[in-house]
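Asker: Protein chains in written order, with our numbering: chain G, 107 to 295; chain C, 3 to 115.
Example chain C residues on the side facing chain G (calculated, C-beta under 10 Å, incomplete):
{"hint": "1", "residue": "Tyr-10"}
{"hint": "2", "residue": "Asp-16"}
{"hint": "3", "residue": "Val-61"}
Distance windows between CB atoms, simulated:
{"hint": "4", "chain 1": "G", "residue 1": "Gly-190", "chain 2": "C", "residue 2": "Gly-52", "range": "53 to 63 Å"}
{"hint": "5", "chain 1": "G", "residue 1": "Thr-286", "chain 2": "C", "residue 2": "Thr-99", "range": "52 to 62 Å"}
{"hint": "6", "chain 1": "C", "residue 1": "Asp-14", "chain 2": "G", "residue 2": "Asn-150", "range": "27 to 37 Å"}
Calculated directly from the structure, the hints in this document are not laboratory data. As the structure is a prediction and not an experimental result, all values here were calculated from the model. Virtual Cβ for every residue (Gly too), placed ideally from N, Cα, C.
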Amino acid sequence: MSNAVSALQGKSFEGYVTVTEMGLRGMLTLRGDFGSTVLTRAVNEITHCDLPAVNTCTTRHDRGVAWMSPDELLILCPHGEADGDVAKLADALRDEHFLVANVSDARAAFQVKGEGAREVIAKLAPVDMSPEAFAQGHFRRTRLAQTPAAFWMPDTDTVELICFRSVADYVFDLLKRAGTEGAEVNFYR
Amino acid sequence: MLILHCPYCGVDADETELAAGGQAHIKRETVGSSDGDFEEYMFMRQNPRGVHFERWRHVNGCGKWFHAARCTTTLEVFGTYSAQTLRPPQDLLTHITGKRPGWSFSQWLETLS
Numbered sequence: 107m108s109n110a111v112s113a114l115q116g117k118s119f120e121g122y123v124t125v126t127e128m129g130l131r132g133m134l135t136l137r138g139d140f141g142s143t144v145l146t147r148a149v150n151e152i153t154h155c156d157l158p159a160v161n162t163c164t165t166r167h168d169r170g171v172a173w174m175s176p177d178e179l180l181i182l183c184p185h186g187e188a189d190g191d192v193a194k195l196a197d198a199l200r201d202e203h204f205l206v207a208n209v210s211d212a213r214a215a216f217q218v219k220g221e222g223a224r225e226v227i228a229k230l231a232p233v234d235m236s237p238e239a240f241a242q243g244h245f246r247r248t249r250l251a252q253t254p255a256a257f258w259m260p261d262t263d264t265v266e267l268i269c270f271r272s273v274a275d276y277v278f279d280l281l282k283r284a285g286t287e288g289a290e291v292n293f294y295r
Numbered sequence: 003m004l005i006l007h008c009p010y011c012g013v014d015a016d017e018t019e020l021a022a023g024g025q026a027h028i029k030r031e032t033v034g035s036s037d038g039d040f041e042e043y044m045f046m047r048q049n050p051r052g053v054h055f056e057r058w059r060h061v062n063g064c065g066k067w068f069h070a071a072r073c074t075t076t077l078e079v080f081g082t083y084s085a086q087t088l089r090p091p092q093d094l095l096t097h098i099t100g101k102r103p104g105w106s107f108s109q110w111l112e113t114l115s
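Chain G with its partners taken away, still in its complex shape (with noise of 0.2 Å):
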């Protein structure tokens, strides 16, 4: 087999935030009905989160669990353990109206890190990124400038997004340009 490699390879960038592609993520998308016990048990058993609520996330060292849409989830897991997961899951729900995909290597996946990464990513997407109106473990799926994009922030100047594979060059340009030293606003502080 070929070796997987990520978009841009831990490509990095210093601004007044670091922007930094994460490398290697596993990315399964999962939909079904939340409202079954079958799902919820079997979320659980992969990732060791329970069922997020609307437009959040729960994380638990390397594994994670983010809400889509009202029937969508997104899972993430260790890169090399996503195929053992989407199997895992197959069995537990096959009983259930699921579907369930490795959206691994579709994706790209960035960390923005520093005291104005609210600001970077206020920047791009129309989004509120006021302490108030987005705290840890909220998730939004929305845009960067013209690209689809998702974020959530594990901890209070970090946050982390995800995007498509083929836009991976330039969401990491965006963010770089909106990161750049000179360029802060300061708005958040």
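Using the hints, position chain C against chain G.
Answerer: Quick look at chain C alone, frame taken from chain G:
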């Protein structure tokens, strides 16, 4: 800028997160309908002045389709509601009639046919 409340994820999405889906509450003509009816369904849309019902999709967000009621002259948004319905909810219709006395949904449907 147009801001619509997505009834599925609860986000107040601005129009850059949305995709317009045109007029709502149209009846789909299918196998067995006359050419005239099918043409009407396929191509003909009304553009009324005042209250209008539209379909929108929260495309850069939860991805769901929903309905919106708004005014084409003032751009006032009366409300949004689920896509899984053939008729706007009664409280929304009452709200619109309160703002536009004399307006009724049956009248809106008539102007479309």
